[in-house]
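A.B. asks: Next come the chains, spelled out residue by residue.
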Amino acid sequence: MSEHHHKETFVTKYLFTQDHKMISKQFLVTGMFMGIIGVFMSMLFRLQLAWPEKSFSIIEAFLGPHQIDGVMNPDMYLALVTIHGTIMVFFVLTAGLSGTFSNLLIPLQIGARDMASGFLNMVSYWLFFLSSVIMVISLFVEAGPASAGWTIYPPLSALPQAIPGSGTGMTLWLVSMAIFIASSLIGSLNYIATVLNLRTKGMKMTRLPLTIWAFFVTAIIGVVSFPVLLSAALLLIFDRSFGTSFYLSDIFISGEVLHYQGGSPVLYEHLFWFLGHPEVYIILLPALGITSEIISTNSRKPIFGYRAMIGSILAIAFLSTIVWGHHMFVSGMNPFLGSVFTFTTLLIAIPSAVKAFNYVTTLWKGNLQLNPAMLFSIGLVSTFVTGGLTGLVLGDSALDIAIHDTYFVVAHFHLVMGVSALFGMFAGVYHWFPKMYGKMLNKTLGYWHFWLTIICAYGVFWPMHFIGLAGLPRRYYTNTNFPMFDDIADVNVVITMFALVGGLAQLIFLANYFISIYRGKEAPQNPWKSNTLEWTTPVEHIHGNWPGKIPEVHRWPYDYSKKVDPNDDESDYLTGEDFIPQTTPLLTNEEPS
Amino acid sequence: MLALFYIFIGVAIGVSFWQITRILNLRGVIATDKDNQQQGKNALLFMVFLYAIMIYCLISLNVIMLPEAASFEGEHDDNLFNISFWLIGIVQFIMQFLIFFFTFKYKGSQERKAKFYADSHKLEFIWTVTPAIVLVGLIGYGLWQWNNVMDLSNEEDAIVIEVYSQQFRWDARYAGEDKSLGLGNVNFIKGINTMGVDMSDKRSQDDIQVTELYLPVGRKVHFKFRSQDVLHSAYMPHFRAQMNCVPGMVTEFGFTPKYTTEEMRLQPEVMEKTKGINKIRREKGEDPYEFNYLLLCNKICGASHYNMQMKITVVEEDEYKKWIAEQPTLASVINQ
Chain A
0 MSEHHHKETF VTKYLFTQDH KMISKQFLVT GMFMGIIGVF MSMLFRLQLA
50 WPEKSFSIIE AFLGPHQIDG VMNPDMYLAL VTIHGTIMVF FVLTAGLSGT
100 FSNLLIPLQI GARDMASGFL NMVSYWLFFL SSVIMVISLF VEAGPASAGW
150 TIYPPLSALP QAIPGSGTGM TLWLVSMAIF IASSLIGSLN YIATVLNLRT
200 KGMKMTRLPL TIWAFFVTAI IGVVSFPVLL SAALLLIFDR SFGTSFYLSD
250 IFISGEVLHY QGGSPVLYEH LFWFLGHPEV YIILLPALGI TSEIISTNSR
300 KPIFGYRAMI GSILAIAFLS TIVWGHHMFV SGMNPFLGSV FTFTTLLIAI
350 PSAVKAFNYV TTLWKGNLQL NPAMLFSIGL VSTFVTGGLT GLVLGDSALD
400 IAIHDTYFVV AHFHLVMGVS ALFGMFAGVY HWFPKMYGKM LNKTLGYWHF
450 WLTIICAYGV FWPMHFIGLA GLPRRYYTNT NFPMFDDIAD VNVVITMFAL
500 VGGLAQLIFL ANYFISIYRG KEAPQNPWKS NTLEWTTPVE HIHGNWPGKI
550 PEVHRWPYDY SKKVDPNDDE SDYLTGEDFI PQTTPLLTNE EPS
Chain B
0 MLALFYIFIG VAIGVSFWQI TRILNLRGVI ATDKDNQQQG KNALLFMVFL
50 YAIMIYCLIS LNVIMLPEAA SFEGEHDDNL FNISFWLIGI VQFIMQFLIF
100 FFTFKYKGSQ ERKAKFYADS HKLEFIWTVT PAIVLVGLIG YGLWQWNNVM
150 DLSNEEDAIV IEVYSQQFRW DARYAGEDKS LGLGNVNFIK GINTMGVDMS
200 DKRSQDDIQV TELYLPVGRK VHFKFRSQDV LHSAYMPHFR AQMNCVPGMV
250 TEFGFTPKYT TEEMRLQPEV MEKTKGINKI RREKGEDPYE FNYLLLCNKI
300 CGASHYNMQM KITVVEEDEY KKWIAEQPTL ASVINQ
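Chain order of the listed sequences is A and B.
Sequential numbering from 0 applies to the first sequence in numbering that gives the first Met the number 0.
Sequential numbering from 0 applies to the second sequence in numbering that gives the first Met the number 0.
Fair warning: there could be bad hints in the mix.
[Claimed, not checked] With the C-beta cut set under 7 Å, the calculated list includes, among others, these residues of chain A facing chain B:
| id | residue |
| --- | --- |
| 1 | Ala115 |
| 2 | Gly117 |
| 3 | Tyr152 |
| 4 | Gly254 |
| 5 | Val256 |
| 6 | Thr343 |
| 7 | Val384 |
| 8 | Ser396 |
| 9 | Lys434 |
| 10 | Tyr436 |
| 11 | Gly437 |
| 12 | Leu468 |
| 13 | Arg474 |
| 14 | Gly575 |
[As the list claims (entries may be wrong)] Here are the simulated SDA-like cross-link-like pairs (lysine to any residue), alpha carbons at most 20 Å apart as the crow flies:
| id | chain 1 | residue 1 | chain 2 | residue 2 |
| --- | --- | --- | --- | --- |
| 15 | B | Lys121 | A | Phe481 |
| 16 | B | Lys310 | B | Glu261 |
| 17 | B | Lys274 | A | Phe481 |
Calculated directly from the structure, the hints in this document are not laboratory data.
The beta carbon of each residue, even a glycine, is placed where N, CA and C say it ideally should be.
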């Protein structure tokens, strides 16, 4: 605790630290590093898709033995999309997003001195770090990294004869993911325990900021579903290394019949998607939680429908665990199951719609402070709506048959979970950077970053819907072997250009981030005039967060612009300011909101 | 030339770094009223951009999309798709307008006061129940259609065809006169018996192995899919048909072709698309393209996944009969 400072060395302060604020920065920087790799890969394979036969010196420089004269090999193309997916989904948007903001905000916003277990928190980060290192190492094995798609469906992922990446590359992928899952589980358990047990006096569950609700429910989904992926991965390791037949049966490859009998790849698909679908919400819910908080603060208005927002988080969490089959409509499973999954899948549209409408209503008649964080949050609402709506088409089994695994799907999920979650992450960084480093990020660069990114995001993914509706399957190295797709070449070029500009625009963010750490303007204690508890801590980081007693909470976090006369929008603010921190006791005659 | 390029990149990086440090020196960090003004306007400009790109793509990329369904089962798919598409299109245009217009309209200033508006059970009730009602309709229609498509019982007259996948090619086997396929298993793969058909099975004798599909128009086709190595997916986009091929099990799908290949080529939509494609091909000096139905692989299956296709030709019934009669049976090919 703060009273007795123990001596800190470089190792205990920056490496093996148990302080949640430092761990959150470790998660963020590692996630950003992985993100650079993931985005760079997407730029490489976008080059290939736009100009399939053209030679690029950048490809020659980076892909080494996996290219010929600057044109990447088909194997390498598949490896790139596989690793891009894996890195973005797990390393950036799960660990990088949830790990960063759950760690930073849970103790600070509920009024706790640290996580329930600082030690496990540290273990969680270092397991994540280890799994990242292994994943990066897997890029350099001789036969290439895993290349069976990020879903690694067997038998392709089980048989090195089927694709070279299923050798050592796949082994490392599986080891890395197993460690990653352990990290994620430890983290999640810690988050749950902290939220349930360490809330400060007065911090009832119904007074929690929506960020905390989102992180809390996300952790629960993670604990429910990640172990299933672990078992799927373990069974795959058994099939690959110990000759079992969980997923394999009746296979003839490279001129011989393999011994596998009685397994089924469909079993793997069930196990994988039992995590795989909740994973979408593990990624998205924290972003939505962050957005709720930022939109409310910067609109100077309470979030509209606080209880409905919590209800919809819970409903989405519940439904997310019973919809996995919509990834498998054409897998060969019983058509009756398809009916059930269509039904549950489309139900998710209801809580999602409630969330979108509530965001828009929060903006309505607000006093919008258009900080970069706010713009990213508004951007999230926009891409979440665009991407979410096409879910109504894909979730309908009858329609999915025609567009399953085409670029329509790629466009859909990139918008609804990729871009949206990234926007949530950026919003979070812009908003809480002062809390992380005691410095502010530059707003002009923030504006450039936002507008370039959202323009490019739509420039990439809106036209992509249409090449999907042209019937173009995803994961094609090139579509030049099909004259029927010749007319989409131009669209591919446009998409690639937007992707390249959008990718490069992230450099603005990186520059802003790293320069501001050292040269940024000193942060005031409460720069955004926010109600939540993290802004009552001193700017300087200290162990235990608050120098004296932990503050007590007397109200919900969204008392923005509360007036003397609730029926007159123009009457004076209740306390003279347009925000009332959670630590302010109820005034006499004040109606609790 | 390359050296110039590198010099250019170096200069560009230098200039951007200089600009970025310059901007950082401005040290503006929290949005002022002036920023709100500017960003509010930007939101409006972005809305114009978004609408432009949405409408432009909807109009100009219409031609590249798949033509009308070429199977009777696909008619309702198209119908349901159109309903869904109009619905989400309208919601999309309204929501994006609200999001960016509100951003512009309610941009902050010192003079403004936000409305304290935390809850409205009436509003929330409306936007929970409205989507629910709409969804009941969509789900109902969707499930009805799904059952239509997936129901392969009671079809006396159907043609039974096995579609067989391996890295990286398709083969097919017609059931022949007995309308029943002989057993197949990877253990029987040997020499020219590439599909692993059990030749001791009586039903195998009249089976016919081909590398290209011929289908008669107006008759139900009952597909059975097998794979010998990894997952593949038989995707026949024009017929709104798709099913995975799974090693170790047989999967099924069925549809009834509605237009012959010839008829399809004369459809205005197809003619326009073909014209566009041929214009591009002429410029590149390639042979002209002619419309054909295709079966594509749509599940990642290895290096040449991108080049795994089979031609499908839909013809009139008598032409089909003529064609099938010309094909040798397995008994005559393998047992010799």
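A.B. asks: Restraint: Leu468 of chain A near chain B, CB-CB cut 7 Å. Satisfied or not?
C.D. replies: holds, 4 Å
A.B. asks: Can you verify the interface hint for Gly254 of chain A: is its Cβ closer than 7 Å to any Cβ in chain B?
C.D. replies: violated, 9 Å
A.B. asks: Tell me if Gly117 of chain A is really an interface residue toward chain B, meaning its C-beta lies closer than 7 Å to one of theirs.
C.D. replies: Constraint on Gly117 of chain A not satisfied, violated at 32 Å.
A.B. asks: Do the alpha carbons of Lys121 of chain B and Phe481 of chain A lie within 20 Å of each other, as the hint requires?
C.D. replies: violated, 54 Å
A.B. asks: Using Cβ atoms only, decide whether Ala115 of chain A comes closer than 7 Å to chain B, and label the hint accordingly.
C.D. replies: violated, 32 Å
A.B. asks: With chain B as the partner, please determine if Gly437 of chain A meets the hint condition of a C-beta pair closer than 7 Å.
C.D. replies: With a closest approach of 13 Å, the Gly437 of chain A hint is violated.
A.B. asks: Just to be careful: measuring from the Cβ of Val256 of chain A to every Cβ in chain B, is the smallest value less than 7 Å?
C.D. replies: With a minimum Cβ separation of about 5 Å from chain B (threshold 7 Å), the hint on Val256 of chain A holds.
A.B. asks: Holds or violated: Val384 of chain A as interface residue toward chain B, Cβ cutoff 7 Å?
C.D. replies: Check passed: Cβ of Val384 of chain A comes within 5 Å of chain B, closer than 7 Å.
A.B. asks: For the hint on Tyr436 of chain A, does the least C-beta distance to chain B fall short of 7 Å?
C.D. replies: violated, 12 Å
A.B. asks: How about Ser396 of chain A: closest beta carbon in chain B under 7 Å, or not?
C.D. replies: With Cβ-Cβ at 5 Å, under 7 Å, it holds.
A.B. asks: Do the numbers back the hint for Lys434 of chain A, that is, is its least Cβ distance to chain B under 7 Å?
C.D. replies: violated, 14 Å
A.B. asks: Does the structure keep Lys310 of chain B and Glu261 of chain B at a Cα separation of 20 Å or less?
C.D. replies: Holds, at roughly 14 Å.
Checked against the numbered hints above, the structure breaks hints 1, 2, 4, 6, 9, 10, 11, 14 and 15 and satisfies the rest.
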